[in-house]
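Asker: Model the placement of chains B and C on the given structure of chain A, informed by the hints.
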Amino acid sequence: MNLKLKALTKSIWVFHVSTGSCNNCDIEILDCLTPRFDVERFGIQLVGSARHADALLVTGIVNKKSLPRLRRIYEQLPKPCVVVAVGQCAISQHMFRFGYNAPQTLDKVLPVDLYIPGCPPKPEAMIDGIVKLVNKLKGVK
Amino acid sequence: MSHRVIVPIGPYHPLQDEPEFFQLYVEGERVVDIDIHIGYNHRGIEKLAELNHYDQVAYLVERICGICSSSHPYAYVLAVEDILGGEKNIVPERALYIRTIVDELQRIHSHLLWLGLAGHFIGYNTVWMWAWRYREPVLDCFEIMTGNRNNYAMFKVGGVRRDIKDEDIPVLKKTLDEVAPALEMFRGAVMDDPVIQARLKGIGILTKQQSIDWGVLGPTARASGLNIDVRKDEPYGACDRIKWNVIVENAGDVFAKTVLRVLEMQESVSMIRQCIDKIPKGPVDADVKDIPPGDGLGRVEAPRGECLHYILSDGTNRPVRHKIRAPSFMNVASNKVACVGGTISDAAITLAAVDPCYCCTERLAVINKSDNKKIMSGWDLIKLSQEKTNKIKEELKSA
Amino acid sequence: MDIRERIKEGLGKKILEWKEHSARRIYFTVDSKDIVNTAEFLFKKLGLRFATASGMETLSGFEILYHFTLDKTGEYFTARIFIKGKENPEVDSLACLFPAAEWIEREMWELLGIRFLGHPNLKHLILTEEWPEGDYPLRHKNES
Chain A
76 MNLKLKALTK SIWVFHVSTG SCNNCDIEIL DCLTPRFDVE RFGIQLVGSA
126 RHADALLVTG IVNKKSLPRL RRIYEQLPKP CVVVAVGQCA ISQHMFRFGY
176 NAPQTLDKVL PVDLYIPGCP PKPEAMIDGI VKLVNKLKGV K
Chain B
2 MSHRVIVPIG PYHPLQDEPE FFQLYVEGER VVDIDIHIGY NHRGIEKLAE
52 LNHYDQVAYL VERICGICSS SHPYAYVLAV EDILGGEKNI VPERALYIRT
102 IVDELQRIHS HLLWLGLAGH FIGYNTVWMW AWRYREPVLD CFEIMTGNRN
152 NYAMFKVGGV RRDIKDEDIP VLKKTLDEVA PALEMFRGAV MDDPVIQARL
202 KGIGILTKQQ SIDWGVLGPT ARASGLNIDV RKDEPYGACD RIKWNVIVEN
252 AGDVFAKTVL RVLEMQESVS MIRQCIDKIP KGPVDADVKD IPPGDGLGRV
302 EAPRGECLHY ILSDGTNRPV RHKIRAPSFM NVASNKVACV GGTISDAAIT
352 LAAVDPCYCC TERLAVINKS DNKKIMSGWD LIKLSQEKTN KIKEELKSA
Chain C
258 MDIRERIKEG LGKKILEWKE HSARRIYFTV DSKDIVNTAE FLFKKLGLRF
308 ATASGMETLS GFEILYHFTL DKTGEYFTAR IFIKGKENPE VDSLACLFPA
358 AEWIEREMWE LLGIRFLGHP NLKHLILTEE WPEGDYPLRH KNES
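Sequence lines, in order, name chains A, B and C.
Under my numbering, think of the first position of the first sequence as 76, with each following residue one higher.
Under my numbering, think of the first position of the second sequence as 2, with each following residue one higher.
Under my numbering, think of the first position of the third sequence as 258, with each following residue one higher.
Simulated from the structure, these hints should not be mistaken for laboratory data.
None of these values were measured; they are calculated from a predicted model.
Note that CB positions come from ideal geometry on N, CA and C, so glycine has one too.
There may be inaccurate statements among the hints.
[Claimed, not checked] Derived contacts from chain A toward chain C, CB cut-off under 8 angstroms, selection only:
hint: 1; residue: Trp88
hint: 2; residue: Lys139
hint: 3; residue: Lys140
[Claimed, not checked] The list that follows gives simulated cross-link-like pairs (lysine to any residue, SDA-like), each with its CA atoms no further than 25 angstroms apart:
hint: 4; chain 1: A; residue 1: Lys139; chain 2: B; residue 2: His38
hint: 5; chain 1: B; residue 1: Lys48; chain 2: C; residue 2: Leu316
hint: 6; chain 1: B; residue 1: Lys282; chain 2: B; residue 2: Asp194
hint: 7; chain 1: A; residue 1: Lys139; chain 2: C; residue 2: Pro394
hint: 8; chain 1: C; residue 1: Lys301; chain 2: B; residue 2: Asp214
hint: 9; chain 1: B; residue 1: Lys233; chain 2: C; residue 2: Ile260
hint: 10; chain 1: B; residue 1: Lys233; chain 2: B; residue 2: Asp193
hint: 11; chain 1: B; residue 1: Lys48; chain 2: A; residue 2: Ser167
hint: 12; chain 1: A; residue 1: Lys183; chain 2: C; residue 2: Glu387
hint: 13; chain 1: B; residue 1: Lys233; chain 2: C; residue 2: Pro394
Pulled out of the complex, with its shape left as it was, chain A reads as follows (with noise of 0.2 angstroms):
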């Protein structure tokens, strides 16, 4: 198991982009920060660069727009990295997918580790997630 991806569990820092999409996600990912949730007692930070982050957060169906953006933060994160899709958008684009602006899912994009599923996923199932990933990655089943 990667001796670098070992060490992030300890304190894993996130990076955070939105591909279009209705910002419910990012508001309860920015509610996992609050007092109720306060997940930066685990380690957990959201960094304002991909440059420092080990994991990348993506929520929103991925527009034709906003594809470009999301590799070149891709290519900027420190390899190795997770790749979380979070959200009923990001899995599978929910109900966008036959719109003209919606043209593949994330995991065409980029390689994902861990997929968060709700229209919003409450904190509580995105801090389940994260110590899904975390246990993986330790190799613990």
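Answerer: Quick look at chains B and C alone, frame taken from chain A:
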């Protein structure tokens, strides 16, 4: 000295690096021009609405924006009911009160969200944490009443989809009792703090004539002296059955917008209390079956302004044309005049003051007019804004 | 004088059709070459607020609805214009009268292909710059 700055103005994603949304052209410290790019959240909803039938469209429009998640379906439902003859002629009484309760609770949570982000932008992170902490009981209320914290799925043509149970009413009252003193605390904190006044007064002024020319809406317009509020102009739900006031300020600056939103939240608490006391028993759904051909216009006062939906029906079970106009479409465009003339350390808070629903706007870049290049990263603009607050604090301390 | 009478008197023969759907919804049709004068009268003389405009493709051309409102009474006055033909639809821009029309005309141009003559900045607003020319998403291309 000219410099370029990249500023991510998305309060909801304060961490974005790439493509600009707002290009600010600066000379020295002053902003001389601004170019606004949107479309990063465009999902083609108007076209999708033509593929779905009327009940499915209510589900679709809920996801236009996550924060004003009840305003869009409400405006859509009013547009369809307009074809049928008007909300008051179709919808049962109890449903009108339930609609207003959901609408006003949404206003409280949306303004608290904005308050937290504005606090973060000017360096008052405690305000951010406290405002969002008091959002939680409101979201819990939604979860108990509707089943979800954010996408309520309450509105349907002819009424509401779920009734409020009697055992939920005490929970609602308890939430309001918890939030009301917090709002009083925010009011004192905002209106009496000399640093906040020095930081926000006179910043990002939008005059009354500019507000009229640019067609701005909501708190942005009311802060500039325009007395427009859909709840007063064309009452919907239970708004004409309860007593409440339209809050209007005249200064047009960011301070006026902040004060206005805090006062509006207190007004909303009073409105919900009145609705709970007056709500009658009865059915909540009129069971509408067919939509006849015709045009319908529906509008509600979302937390950001008037949200307008237009439906053209031809008698089938799908709309022929659905036009959606969110309030931020008009408000964000007005930043062209509000930001110009200010400094870049004020740019972040000015752009955030219209409370853009970031489903249409996300980021910002500042460009030097002479050589068209950018410099700083996202945090820097917010940092500039926070540094200015610290400077003001020092000046006031030594004064 | 009632606002409706003032509109009828001010616009006179320009109004081709007048329909009152309900107490607060009035729709009237004008010729597409009269739209600037109509908008100027409604906005500047009567002080109505410009809410938005919605474009649509019809069987023989395009239709644009301009929605104006009198906030005091909550009434909506919608001016309807028809543009015949689908090849090169064009109409005069209202952006010279009030900047509130700038963005909505850009959106109608990129989604429907209607050209607004005299618009100061007719370029893409919500679609990407590389969107193929001639591809207008809101048109009924492949539908029967």
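Asker: Next item in the hint list is Trp88 of chain A. Is there a CB on chain C closer than 8 angstroms to its CB?
Answerer: Violated. Min distance 31 angstroms.
Asker: Next pair to validate is Lys233 of chain B with Pro394 of chain C; report whether the Cα-Cα distance is within 25 angstroms.
Answerer: violated (37 angstroms)
Asker: So, Lys140 of chain A near chain C? Judge it on the closest CB pair being under 8 angstroms.
Answerer: holds (4 angstroms)
Asker: For the pair we were handed, Lys233 of chain B and Ile260 of chain C, check the Cα-Cα distance against 25 angstroms.
Answerer: holds (19 angstroms)
Asker: Please work out if Lys139 of chain A and His38 of chain B have their alpha carbons no farther apart than 25 angstroms.
Answerer: Satisfied, since the Cα-Cα distance of roughly 14 angstroms is no more than 25 angstroms.
Asker: Within a Cα-Cα threshold of 25 angstroms, do Lys282 of chain B and Asp194 of chain B meet the stated pairing?
Answerer: Violated, at about 45 angstroms.
Asker: Take the C-alpha atoms of Lys48 of chain B and Leu316 of chain C, compute the straight-line distance between them, and say whether it is at most 25 angstroms.
Answerer: holds (17 angstroms)
Asker: Please work out if Lys301 of chain C and Asp214 of chain B have their alpha carbons no farther apart than 25 angstroms.
Answerer: holds (10 angstroms)
Asker: Lys183 of chain A and Glu387 of chain C: Cα distance at most 25 angstroms?
Answerer: holds (21 angstroms)
Asker: Within a Cα-Cα threshold of 25 angstroms, do Lys233 of chain B and Asp193 of chain B meet the stated pairing?
Answerer: violated (30 angstroms)
Asker: If you draw a straight line from the CA of Lys139 of chain A to the CA of Pro394 of chain C, is it 25 angstroms or shorter?
Answerer: Since the Cα atoms of Lys139 of chain A and Pro394 of chain C sit roughly 14 angstroms apart, the hinted pair holds (cutoff 25 angstroms).
Asker: Is the shortest C-beta separation between Lys139 of chain A and chain C less than 8 angstroms?
Answerer: holds (5 angstroms)
Of the numbered hints given earlier, the model fails hints 1, 6, 10 and 13; all others are met.
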